Amino acid sequence: MWRNLALNIKIALTLFVVQACVLLVGYVWLSHWVQTTRLDELRHHLDTQSDVIESLISVENAQLVYQRQGEFASELDHDHDLFFDLSSISGEMLQESWGPTPSMRKALREAMSQVRAGDEETFLFDVGHEKWIAQMGDLERASPEGPLKARLLVATNAQPVLNAVNAFKRVVALAAIGILLLTTLGSFIVVSLSTRNLRHFARQLRTLKPPEFTRRVVFEAHSAEEKLLFDSYAQMEAAVQEVLEHQRLFIANASHELKTPIAAVTSALEVILARPRHAEDYAQTCRDVLAEMQVLKRLSLGLLDLAQLEGTAEIAGQASGLNDNALNAVERWRKAAELKGLSLSLHLLEDYQAQVAGGPEQWEVVFGNLLDNAIKYTPAGGAVDVTLDEHPGSGLIIRITDNGAGMSAQEVRQLGQVFFRADAARSQSSSFGLGFAHCKRIVERLGGHLTVQSTPQTGTRVTIAMMRYKP
Amino acid sequence: MKVLVAEDNALLGNSIKRGLEEEGWVVDLARDGKEALYYADASEYDVLVLDWMLPQISGLEVLSVVRGKGNDVPVIMVTARSEVVDRVQGLDRGADDYLSKPFEMIELVSRLNALYRRSIARGSKSLTLGNLNIELDTLRVSIGGRPLDLTGMEYNLLVALAGKANQLQTRTVLLGLLYPFDSEPDSNSLDVLLNRLRRKLAGADVEIETVRGKGLILRVA
Chain V
1 MWRNLALNIK IALTLFVVQA CVLLVGYVWL SHWVQTTRLD ELRHHLDTQS DVIESLISVE
61 NAQLVYQRQG EFASELDHDH DLFFDLSSIS GEMLQESWGP TPSMRKALRE AMSQVRAGDE
121 ETFLFDVGHE KWIAQMGDLE RASPEGPLKA RLLVATNAQP VLNAVNAFKR VVALAAIGIL
181 LLTTLGSFIV VSLSTRNLRH FARQLRTLKP PEFTRRVVFE AHSAEEKLLF DSYAQMEAAV
241 QEVLEHQRLF IANASHELKT PIAAVTSALE VILARPRHAE DYAQTCRDVL AEMQVLKRLS
301 LGLLDLAQLE GTAEIAGQAS GLNDNALNAV ERWRKAAELK GLSLSLHLLE DYQAQVAGGP
361 EQWEVVFGNL LDNAIKYTPA GGAVDVTLDE HPGSGLIIRI TDNGAGMSAQ EVRQLGQVFF
421 RADAARSQSS SFGLGFAHCK RIVERLGGHL TVQSTPQTGT RVTIAMMRYK P
Chain R
1 MKVLVAEDNA LLGNSIKRGL EEEGWVVDLA RDGKEALYYA DASEYDVLVL DWMLPQISGL
61 EVLSVVRGKG NDVPVIMVTA RSEVVDRVQG LDRGADDYLS KPFEMIELVS RLNALYRRSI
121 ARGSKSLTLG NLNIELDTLR VSIGGRPLDL TGMEYNLLVA LAGKANQLQT RTVLLGLLYP
181 FDSEPDSNSL DVLLNRLRRK LAGADVEIET VRGKGLILRV A
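If you read the protein sequences in the order shown, they are chains V and R. Under the working numbering, think of the first position of the first sequence as 1, with each following residue one higher. Under the working numbering, think of the first position of the second sequence as 1, with each following residue one higher.
In isolation and in its complexed conformation, chain V is listed as follows:
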């Protein structure tokens, strides 16, 4: 689910969640800090007022009395948001301020009497819908009758401060939500814009249709990542084009090689049947047609073998004894060599257990094709030799040498490419080329390497380098 989400949504979501957490913590901390600070200030203020009120209490007629006469004292006495209550230690009320309404004073007294049990320095309490903060203190005055003791309770309305704090909290919350939304939207837009090229590119790739696989538009990279992607794709595209070109050439050349013998046979038969001929004429045409059909047969079987090899997923998984493979092949071709008057020699490995990748069938094709060619292109009296050798390390070498017709450097270069060459000028020994291409392909797929050295009139040496098979 998460994997399938678009990058812009992913990043916006992540940013939203992380930011929401950070902002929430910040909001809680800030609100708490502001409220505490403001309440502390209020307490401090209350403390000051309490001291002032206390200083305005004096002894009169052996009683502690708040002096209401002064302008300043009167102001305190009539402040709506300030309430003080002077009572004896036994709890009997001596005097109270006149600021709040009588009903409010009553409510305040009741509320304070309930909280007072808590015995705190200052305390917050509810009065109706408001919060008040109060402070209680004992005071003592000397008098001629001895020291007088009383208890002073001063309370102030904390609601305006709390309201201001709440207003501040609302503003901060709104700002936080605004920041959250803006940054989320911003990141969504920025990521959308920066991935736009990639989306176009992906859409373009979807429209690619075989057999061209070519994009119509070349994208200009806007970031290092895009450049990496586009360059990698271009590289792959070039490789695919090369394979396709290879395939196209193969088909063009193979169809030439296959269609020409068919055309030849058809035309020969058409011409010979066009009018009555002599018996020898018919016989000659039959012989020509048969020879052409042999070419066609060799070609089509070779093509099928090659196609089958390409279609086989894994051939390097099997292993077989190299000595056995060589021995079997040489035995099979000994008769053909003798018939042609050639000597065929074999030098085996000392290590009889040495194994190479590939099954006996694959090696039969490799040895068979190479020996067939060596015998075919070596005149009577010549020699064909198969030598197996060990290479320092774990390499194995197979050499098939003849002293026959040989090939020019150009012919060697073109070996095995008959069906893959771009120029239409071609050698005529195409079936040989196909067999050789097949051998080379098998050896390559088995992890080996095949090279040909040849000199005209001197002979040809085919060398195959393989690694020992290690399961």
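No lab work stands behind these hints: they were computed from the structure. Computed from a prediction, not measured in an experiment: that's the story for all the values here. Keep in mind that a hint or two might mislead.
Claimed, not checked - Here are the computed lysine-lysine pairs in the BS3-like style, where the Cα-Cα straight-line distance is at most 30 Å: (1) V:K259 to R:K200; (2) R:K125 to R:K34; (3) V:K149 to V:K169; (4) V:K376 to R:K34; (5) V:K297 to R:K17; (6) R:K34 to V:K259.
With chain V's structure known, arrange chain R on it following the hints.
For chain R alone, kept in the frame of chain V given last:
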């Protein structure tokens, strides 16, 4: 009616040669591109049949070289490639027609005849000069409706001259068009042939004139 066939497959080349010869064509067979170029340079042809994929030099290159030398002889490309791009490439380089392998002989013959007709009689199936009528497809010749019995060589000479009526044709060109490249015709074989043809053309509205030391002209009366 002389054609150069360039084909590397021996059986196909020989079959085409034989089939065309039996249809009245004089055929030269080249085995590779180099040989084809050599033949095209050294002799006269009414049509070239070039295989696309020839050893040494490809048919397409042969075509380019021939056209590059200003030779506008009709050319049929024979190809195993069936992709449209390939055909277009051939036609672009100046091929007049193409034939894809494998083909039927009858198709090759009819395409050759069509090209030949196009160059000799501007596409018409017959060539009429006064009361002389030559049916190019059936090789029948008649004077005023009276059929004329001509040998292959006589017919070829007549068509070679009639195709370019009232124009001088050199002896070299005529010899080139009448005999295969590798044959060595007798120096007076053309005169022998000409005398026989003149006799047979008695009563026709055409006359073959000899321009001394230069060649022949067929004039329409």
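Hints, one by one, checked against the model:
no. : hint             : verdict
1   : V:K259 to R:K200 : violated, 46 Å
2   : R:K125 to R:K34  : violated, 34 Å
3   : V:K149 to V:K169 : violated, 44 Å
4   : V:K376 to R:K34  : holds, 28 Å
5   : V:K297 to R:K17  : holds, 25 Å
6   : R:K34 to V:K259  : holds, 23 Å
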